[in-house]
Amino acid sequence: MIKKFETKIALSAALLASLPMASAAIDRQAIEKDVASASVIARELQVGEKKFNLTFYSRKPKGVFSSLSSADYVELWHGKDQTPYALLNISGLTQEPADNLRRLMFFGIEMDDFSSTDTKKHSRLMQMIKAPYYKHVQPRQQLVLGYDLGVAPAFSSACASKSSSLVVSSGGLYIDESCEPTGLKVVYSVNITEQVYPWDINTVFTSSEPYSLTERLDGIQTVSKLVKLMSCKDEPITNEGYGATVDRYSCSNGNELVVLKNNYSHHQWNGYLLVDRSTFNQYGAPYKVPLTNWIFQELDVR
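Those letters in the sequence shown? Residues -24 to -1, 1 to 278, per mature numbering (1 follows the signal peptide of the UniProt record, and there is no 0), in order.
None of these hints come from the bench; they were simulated from the model.
You can take every hint at face value.
Quick list of in silico lysine-lysine cross-link-like pairs, PhoX-like style, CA-CA up to 20 Å:
no.	residue 1	residue 2
1	Lys9	Lys111
2	Lys27	Lys97
3	Lys26	Lys97
4	Lys36	Lys106
5	Lys237	Lys209
6	Lys138	Lys204
7	Lys9	Lys106
8	Lys138	Lys106
9	Lys201	Lys237
10	Lys96	Lys106
11	Lys27	Lys96
12	Lys96	Lys26
Simulated restraints on C-beta separations:
no.	residue 1	residue 2	range
13	Asn239	Gln22	43 to 49 Å
14	Asp152	Tyr218	29 to 35 Å
15	Gln273	Ser15	28 to 34 Å
16	Ser45	Ser154	35 to 41 Å
The structure presented is a predicted model; accordingly, all values stated were derived computationally and were not measured.
Cβ coordinates follow ideal geometry from the N, Cα and C atoms, glycine included.
Let's have the full structure, built from the sequences with the hints guiding it.
Here it is as structure tokens:
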């Protein structure tokens, strides 16, 4: 169920870079109401002449984590013909079948322009929106989630905001990406045989309209770019696990890089093939091992 309402904040575009301004935007009572809500909350935020559609969801803790006041904060960067709600719905993170779950707080901004220029604006706005919540719900760690065209914005946002974890799948970094992260663990999942997103543009991708490569690198180039930006050694340690070939790179500056090479992309998200926008908390039947398993195993987010 989605609870919809509007809130308008009179901010000029110049204030997007000023994160403390968000403190005046949402008061304590409103934040507590958001956190306590069992619904996905949709907001419309107006900045100058432009309107942004926001998505927020607070997954309640259970079991041994019920008494904890902290939360793991999750950013959602969706793909083409998708919304933050749709990505949230199929992520498998809204209500995992486990006895003990931490509180997860999801934040998403709907994008219609996935260019690198627009990404910087959206990333600053994302941090501004999250900032007031930190004072009332202590962040344990920051996870950024990106899919398809949302992969490039997700990396840019995670790097700029100094997030601790990034999970991205079926997409590439911006060609001109130059941010060098510190203390970031990246799990990059990519399919190496399908044409949804190319692992190697020279041998795999045949679409007449390769939207997934607009301003972006293919899979091989994305891995090379990640290795460079994260100060990793060129040669990984490779093994097989959970239906994927796993490349683990040793990196400097507190970074870690794990690359999952899969033969199919459908298995990556719970309910990927079964998603219905009118139904929330789908768990679906993913092929092989979904990304939620990797998120828990590699990043301790559950």
